[in-house]
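Sequences are here, hints too, so could you generate the full structure?
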Amino acid sequence: DGGITQSPKYLFRKEGQNVTLSCEQNLNHDAMYWYRQDPGQGLRLIYYSQIVNDFQKGDIAEGYSVSREKKESFPLTVTSAQKNPTAFYLCASSIVGLAGLYNEQFFGPGTRLTVL
Amino acid sequence: AQSVTQLDSHVSVSEGTPVLLRCNYSSSYSPSLFWYVQHPNKGLQLLLKYTSAATLVKGINGFEAEFKKSETSFHLTKPSAHMSDAAEYFCVVSDPGNQFYFGTGTSLTVIP
Numbered sequence: 001d002g003g004i005t006q007s008p009k010y011l012f013r014k015e016g017q018n019v020t021l022s023c024e025q026n027l028n029h030d031a032m033y034w035y036r037q038d039p040g041q042g043l044r045l046i047y048y049s050q051i052v053n054d055f056q057k058g059d060i061a062e063g064y065s066v067s068r069e070k071k072e073s074f075p076l077t078v079t080s081a082q083k084n085p086t087a088f089y090l091c092a093s094s095i096v097g098l099a100g101l102y103n104e105q106f107f108g109p110g111t112r113l114t115v116l
Numbered sequence: 117a118q119s120v121t122q123l124d125s126h127v128s129v130s131e132g133t134p135v136l137l138r139c140n141y142s143s144s145y146s147p148s149l150f151w152y153v154q155h156p157n158k159g160l161q162l163l164l165k166y167t168s169a170a171t172l173v174k175g176i177n178g179f180e181a182e183f184k185k186s187e188t189s190f191h192l193t194k195p196s197a198h199m200s201d202a203a204e205y206f207c208v209v210s211d212p213g214n215q216f217y218f219g220t221g222t223s224l225t226v227i228p
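For the protein sequence lines, the chains are U and V, in the order given. Be aware that the first sequence starts at 1, since it is given in this note's numbering, and climbs by one per residue. Be aware that the second sequence starts at 117, since it is given in this note's numbering, and climbs by one per residue.
Read the hints as simulated data drawn from the structure, not as lab findings. All C-beta atoms, glycine included, are put in the ideal place defined by N, C-alpha and C. Take these hints with a grain of salt, some might be off.
[As the list claims (entries may be wrong)] Heads up, simulated DSS-like pairs for lysine-lysine below, C-alpha to C-alpha not over 25 Å straight-line:
1. U:K9 - V:K158
2. V:K158 - V:K174
3. U:K57 - U:K83
4. V:K174 - V:K185
5. U:K71 - V:K158
6. U:K9 - U:K70
[To be verified] Partner residues aside, some chain V positions facing chain U, computed with beta carbon under 10 Å:
7. Q122
8. S148
9. Q154
10. G159
11. Q215
12. F218
Printed below as a string of structure tokens:
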């Protein structure tokens with residue numbers, strides 16, 4: 001059964017702590033993405049990766065870090081430098097299409113992070 | 117540059133009446149367009165996508181969308197709303213670099 005899994009579903013963090021959100025996919029997709037979702041603001045891109053051992057910053061990368069050591073895994077670390085990390089975090093993946101052949105993103109179920 | 121504008125942040129309809137969620141896009145390329153649905157505290161699910169094969173695209177759960185190049189629009193419609201359609205809907209455009217650009221979403225309320 002192919003898809004994307006995210007864990008944990010809910011995560012609580014004390015101020016000053018780093019936390020890591022897990023994202024795993026078995027779709028054999030090359031591209032993976034992390035988004036942050038806040039009420040009324042849609043999805044904002046944090047980081048993305050189109051190949052193993054390579055990733056790029058998105059629009060709101062400050063205070064976050066990622067790694068891509070395996071094709072199927074793209075963990076996100078929320079560091080203490082992120083001033084307001086309470087949000088819903090979504091991971092997605094997609095095929096890297098040929099020019100003119102665009103493919104949709106597949107999303108995980110999300111992780112809700114709350115800072116106490 | 118690519119961008120998406122969802123013209124209504126909130127839409128309310130009565131059960132059994134038509135649904136119209138509006139989306140305008142801007143794209144430097146022949147666009148690939150998507151509509152996603154999100155139920156509370158869930159991930160996004162693809163409803164339908166346009167990739168130039170046909171201007172009228174049919175999706176899941178009775179939804180469809182029409183691509184109008186002259187109007188740069190990709191509005192989502194459904195003939196008869198169901199209570200289970202209440203959710204957040206996102207219009208998305210992608211580019212050849214595998215980047216995806218999201219609208220701010222439209223919250224659909226279905227009144228019994």
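Let me make sure I understand: some of the numbered hints might not hold for this structure. Which ones are they, in numerical order?
The structure breaks none of the hints.
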